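Novice: What follows is each chain in one-letter form.
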Amino acid sequence: MRKSIPLRICLVSGIVMIIQFFIPHRYSQTVYNYTLDWLIVSGIFAIVIGLHSNFHLHITRIVRKRKGWGYNVVTMAATLSMAFIGIAFGIGADSLFMKIYRNIEVPMDATMFSLLGFFMASAAFRAFRAKTKEATVLLIVALIIMIGRVPLGYFLWHRFPELVEWIMMYPNMAAQRGIGLGIGLGMAAMELKIILGIERGWLGGAGD
Amino acid sequence: MWNKLLNLDRRWIFIVTAICVILPFLFPIGFPTNVTPPTQRIYDKIESVTEDGPAVIVSFDSDAAPLPELYPMAVSLIRHCFINNTKVILWGMNMQGVGIIQMALEDVKKDFPEKKSGINYVLIPYLPYPAIIIMKMGEDMHKAFNTDYYGVSIDSLPMMKDIRNFDQIALAVSLTGGSAWGTWVSFANQKYGCKVATGITAVGAPDCYPYLQTGQLVGMLGGMKGAAEYETLVEAKIAEKGLNFKTRKAACIGMDTQSVVHIVMIIFIILGNIAYFVTRRQRNVA
Amino acid sequence: MSHDIWVWVAALLTLCILSFLYKDNPFYKFAEYLLIGVALGFGIAIVWYNIIIPKIWIPLRYQHQYHLFIPACLGSLYICRLFPKYAWLSRWPIAFSLGASIGMSLPLTLQAGIFKQVQSTMLSGFSISAIIAFIGVVATLIYFYFSAEHKGFVGGVAKTGIWYVMISFGAIFGYTVMARMSLIIGRFEFLLHNWLGVIK
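Residue numbers (the numbering used here), protein chains in the order written: chain A, 1 to 208; chain B, 209 to 494; chain C, 495 to 694.
A hint or two may mislead.
What the hints assert, rightly or not - Covered stretches of chain B (in silico footprint by chain A; criterion: 3 or more residues with CB under 8 Å from a CB of chain A, positions within the stretch not fixed):
id : segment
1  : 252-264
2  : 268-279
3  : 418-425
Hint data in this document are derived by calculation from the structure and do not stem from the laboratory. Here the structure is a predicted model, which means the values were calculated and not measured. Every residue gets a Cβ at the ideal spot worked out from N, C-alpha and C, and that includes glycine.
Sequences and hints are given; from them, build the entire structure.
Specialist: Structure follows, in structure tokens:
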């Protein structure tokens, strides 16, 4: 029962939604609209699990005074303050909440990601080697793209961007489409296996 | 010497990269930006929308991480719509995305103080399950959103009076650092026939070409270059209309630096390869 | 130089994170944990205002949409995950959202991602570029087809496929460099323009 009921729920909800796609009747449309609403409402509760997991991690580290627990205090204080400021004083365009968002979260998020650029530069020097014919082709195409996609390429030869667009639109597109078709078919097969109860990995982690 | 070069502390590479980023800002070169067809198609599509015609959706479907690439796109797209008096619906699939598109809106409104929420534009709040929200938009936007970002009922907004679903949308542009454009293509384009375009970080741009070829994507702004191209087109439009805006072309300014940094990266790759092959030959000889 | 305290806060936090490039240090760690906390707090407030109030509280309290009690009860079973004895009940809402989402998306993704793509490959004309693209799609598919040994004719086509894949990976690499450099450019532009004001 612990596994059979969820498997049946999955099968029925999946089949019903597939059927409604092919039979756009008034009734099936109503079922479809209700399901859309229900999915949103039921999904909201999953957030509780996420919050619990996060709080549990940080509070445990603080209580047990693990190495670097002071940083967990920073996270907890920031979480609670931000949530309180937002809920108590609103999240309007000129609110304190949005000021913190714009001037603390946004720049930090962008900077954190920008570190990748420096490591990419380092990797370009240390890791990208033309050891084989295939790797050489990869590097040559990369160099053409890198020159052709910046204004310098256009400045050097006005048809450079056209060459880049051609590479992107034909050989690149062909390989991307081939890979995409493979991924798409694989995903469709996996989704069918989930609905039909052949793939049951998603049931794991909550006891038998 | 080559051995030493191979074992160079990576912090030297970081310093060289940082210097090469800073110098073109201080001493701009001013390379011209050419416009590629995928960018031109988005511009032309928005140009084809009449004042009383359908609306354009600009959706910021990303967090703040790829801001330098996507933010100038958002600003240019909103600015373009405002210049043409095109109705624009602003949204974000991502929780942070709505905050960012709202920042872009505030920036553009400095040049368009007369544009009013509910009349010229509507800012939609974040809602979970983007695919479901897109499908609900296809059925009835008024039921999908209930209220706008400022808490005003969608039903009471004059701009939304005639906009019920994707039939009244000329184009939806998804600005994303991931695969959100795919969600728009699958659900808005495939199910409801809404025209979809994307502004995407450069790293995701190659994935879009199969969909550009089929026409499932009307156009694409690829990375900072795409943003700079759109800025150039909008700048030309501003000049054509004789308007005087305090427009800062952030992406175009960045493209000078991009040119220099790419050259440096190419030099890094070539130097790294020379050092590798020379040291390998020396090892083999020894 | 900016006189806005918020710009200073943003700039100092930016420098804290960039300091990681020298080595891991307490300033970076502080900024890292602060970012996690602020992002989480941001999410909580957004969920409160944009989801819980308009999607649950108002429909149930004022619009009498009592049918929403059903998904609310179903969704609340997620919380059973926190109690090992009843954790299995959390599978029910997962099953509903998984099944319904797949059912809704499967036909659409098949149409958009498979049928239309295949159709477009076959019907893209007879120009040299179109033929190059057609060969590329077939060769790439064969390269990833492992049910037949890559020998003889199949091997030759698969080999062609790998060249196409390498060209595509090269393009992705070139674009990735561009993307990552754009991120650095964005942050330095903020420091030089918004904070220090040394560039216009």
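Novice: Which of the stated hints cannot be reconciled with the structure, identified by number in ascending sequence?
Specialist: Of the numbered hints, just 1 does not hold.
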